[in-house]
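Visitor: In order, the protein sequence lines correspond to chains A and B.
Going by the numbering used here, the first sequence opens with residue 1, and the numbers climb by one from there.
Going by the numbering used here, the second sequence opens with residue 1, and the numbers climb by one from there.
Calculated from the structure, these hints are not laboratory results.
For each residue, glycine too, the CB sits at the ideal point set by N, CA and C.
Hints may be right or wrong, so weigh each one.
Just so you have them, the derived chain B footprint on chain A, three or more residues with Cβ under 8 angstroms [unchecked claim]:
(1) 83-93
(2) 128-141
(3) 227-239
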Amino acid sequence: MFDPTSIATDQPLLVADNLAKSYGRLPACRGVSFKLYPGEVLAIVGESGSGKSTLLQMLSTQLQPSAGRVSYRMRDGVLRDLAALGEAERRFLFRTDWGFVHQDPAMGLRMAVSAGANVGERLMAVGWNNYGKIRDTASTWLQRVEIGLDRIDDAPRTYSGGMRQRLQIARNLVTSPRLVFMDEPTGGLDVSVQARLLDLLRGLVTELGLAVVIVTHDLAVARLLSHRVMVMQGGRVIETGLTDQVLDDPREPYTQLLVSSILPA
Amino acid sequence: MNAPSYNFAYLDEQTKRMIRRAILKAIAIPGYQVPFASREMPMPYGWGTGGVQVTAAILGPSDVLKVIDQGSDDTTNAISIRKFFAKTAGVATTTRTDEASVIQTRHRIPEAPLHEGQVLVYQVPIPEPLRFLEPRETETRRMHALAEYGLMHVKLYEDIAKFGHIATAYAYPVKVAGRYVMDPSPTPKFDNPKMDNCPALQLFGAGREKRIYAVPPYTEVVSLDFEDHPFTRYRQNAPCALCGAEDSYLDEIVTDDKGGRMFVCSDTDYCETRRAEGHFGSANAPETERADV
Numbered sequence: 001m002f003d004p005t006s007i008a009t010d011q012p013l014l015v016a017d018n019l020a021k022s023y024g025r026l027p028a029c030r031g032v033s034f035k036l037y038p039g040e041v042l043a044i045v046g047e048s049g050s051g052k053s054t055l056l057q058m059l060s061t062q063l064q065p066s067a068g069r070v071s072y073r074m075r076d077g078v079l080r081d082l083a084a085l086g087e088a089e090r091r092f093l094f095r096t097d098w099g100f101v102h103q104d105p106a107m108g109l110r111m112a113v114s115a116g117a118n119v120g121e122r123l124m125a126v127g128w129n130n131y132g133k134i135r136d137t138a139s140t141w142l143q144r145v146e147i148g149l150d151r152i153d154d155a156p157r158t159y160s161g162g163m164r165q166r167l168q169i170a171r172n173l174v175t176s177p178r179l180v181f182m183d184e185p186t187g188g189l190d191v192s193v194q195a196r197l198l199d200l201l202r203g204l205v206t207e208l209g210l211a212v213v214i215v216t217h218d219l220a221v222a223r224l225l226s227h228r229v230m231v232m233q234g235g236r237v238i239e240t241g242l243t244d245q246v247l248d249d250p251r252e253p254y255t256q257l258l259v260s261s262i263l264p265a
Numbered sequence: 001m002n003a004p005s006y007n008f009a010y011l012d013e014q015t016k017r018m019i020r021r022a023i024l025k026a027i028a029i030p031g032y033q034v035p036f037a038s039r040e041m042p043m044p045y046g047w048g049t050g051g052v053q054v055t056a057a058i059l060g061p062s063d064v065l066k067v068i069d070q071g072s073d074d075t076t077n078a079i080s081i082r083k084f085f086a087k088t089a090g091v092a093t094t095t096r097t098d099e100a101s102v103i104q105t106r107h108r109i110p111e112a113p114l115h116e117g118q119v120l121v122y123q124v125p126i127p128e129p130l131r132f133l134e135p136r137e138t139e140t141r142r143m144h145a146l147a148e149y150g151l152m153h154v155k156l157y158e159d160i161a162k163f164g165h166i167a168t169a170y171a172y173p174v175k176v177a178g179r180y181v182m183d184p185s186p187t188p189k190f191d192n193p194k195m196d197n198c199p200a201l202q203l204f205g206a207g208r209e210k211r212i213y214a215v216p217p218y219t220e221v222v223s224l225d226f227e228d229h230p231f232t233r234y235r236q237n238a239p240c241a242l243c244g245a246e247d248s249y250l251d252e253i254v255t256d257d258k259g260g261r262m263f264v265c266s267d268t269d270y271c272e273t274r275r276a277e278g279h280f281g282s283a284n285a286p287e288t289e290r291a292d293v
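The shape of chain B in the complex, shown without the other chains:
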């Protein structure tokens, strides 16, 4: 059911050209925020208008698309964007990380290692890592241009002074290819090390702020820190209740009003794949239902 009134992947060809130019420039200058003429999309700002435009610009008929929201393939945002492209571009969709050629994501990087040829598209709400410290855009641009990044450490200093450790848990600033400081979008800092030297191309689209930036494959991405307070990953200290994984990022799910809770993988594909391989956690110790996946 391909709607004939739309161009392939919704955006018109001129717009896609414009976005592709911005993407090429972004890839050429890793971590640099390239301004682009962001379009109105048929969804509200904050729902991934930037990511959708980037995806629309790079999608081809033979691509296989996966969309995740907080690691999950089956939340409203993920389903609606997946259906949007199934309808307007007629591309194949999947929930399997290793089968996808384009993965649009909000707030997570998949647990399964990415491989060459894949593109990871991030939805970014606020692309400017210095924003909350320096409100003037003219000034932050100048600071990027002159690589004056002392201010970024002021934020980390404040964390340690207030909480005794670097309490920033998401949107943790990184330095890309030894030059630009970049906001990795609100992914948990658990995911930061996955960006470093990643074989896949990583593209970031901010629709409301009209910025695109990129991390090319095999690029060095370093999380900022202090010598005496080094960067650490954070993970809930529990195995996944469904698949028993000890290495995945977990969501905490409240199960009743008596303090009951369970921890499960936030990456649903990773969890399902593991369960299909016969792994299980505390919540489904013997073989259970869920044969439908």
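This is chain A alone, in the form it adopts within the complex:
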């Protein structure tokens, strides 16, 4: 389908340039710039209200920035300004080359439609027209996210929280995207389920060479998954660096506070 070696990994996949968003007089996000390279996992951490989700929505074109711009390297290797894409192109990007894992699986899944069809929907949307092949691919993906094939015809509303989240991941990865956005993917799950999900995610991300932007308030998630961390406070990026560097040797007082407020296991 797509040969990942066709695009050089030394060129950025996603470029944010001086992004800003204000809601009326309230600046939710200010002056955010970064480059994300293929296969790189970037964690955006910070407390509630620090602008993480606003930033993620701007990056994924769901929210129009008040200033600045986001560019993405398309599969043909050309870096394009996302604001200049037509709606059809943007939606196509969203169901092929991108994934979005919501905190609440009900937002990313069709709860009344079977798991197999949930995974197959993206394939059908890009023109797959063979039931057998769609079902085989869906089965393969369900197995990869550790969902038993006896549940393939059950609707996700009969699933547990952890299973729903894994199903959402399978649904996103089936078209082999290059970039996945995740918004608190482990929020609301109990600790053992979280651990299993993180384990699974880490495996898939390495295996598929995914670039990921993950928003989380949980520093443990950032430590496990990400290569780089951006710490946000009050709408600004206050510290950025390699994950172990930021988490083990935080420079900013706020980051020090965040790191020190992790409960010892």
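Go by the hints and put chain B onto chain A.
Guide: For chain B alone, kept in the frame of chain A given last:
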């Protein structure tokens, strides 16, 4: 007995103009649902208010009207709509498919082939084929605009996953002129192939949902399916008990409380025409009564 207090065909001329504009637009964009300002009609929603408005807008004094309900000319709905236009427009009515210039239908397409110059008007309860998969109207409109029809196949996928075959038996989604996916109204999927390349104009009116759409004559209409689960017509495996037809869509009629049943053509005109030509089925093998038709 033409009631003088009504305008010709009940609706006022401005309303008819408005509906005709919607119809013209619908014909220009095959399969696209055109919104229109649906009026209150002297019948309840669900009884064909959309179809009646379309018929009223296109009817002229020289038209010959046929109305069918589930293929039948003599059910309550068909008779009352036929009488309605006989009274308010004074047009001639018929039960013969080939003699009619306008045919209003609910749930069937006549068995006799339609010809050029005829108009088939469908009564549509729910015009949006994506409705039960995507409840947001804003989203379904966007999906039509961008031709994102993957979701339609999700429904067919679900059918196969649950029942082993595409179990959708009516309102089977079609793609019109290679562009818009359309709900052909609750006709049995047996009738879908008749819509393809049909010489007659097909108009669809949904009164409650305020939508009109159309399939112009000789337009390609393809039923959606999967490569490995192709579209199939469904027909009860029996000949008509009255006329012996092997090719018509059948109604199953329960005749007693001991499991007795008979299959007869759902298209009454087709059945009567065949019987008049001397065909017969198992229920009336020798010459029988029914000379009144």
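Visitor: Taking the hints in turn, state whether each one holds.
Guide: Status of the hints after comparison with the structure:
no.: 1; hint: 83-93; verdict: holds (count 3)
no.: 2; hint: 128-141; verdict: holds (count 6)
no.: 3; hint: 227-239; verdict: violated (count 0)
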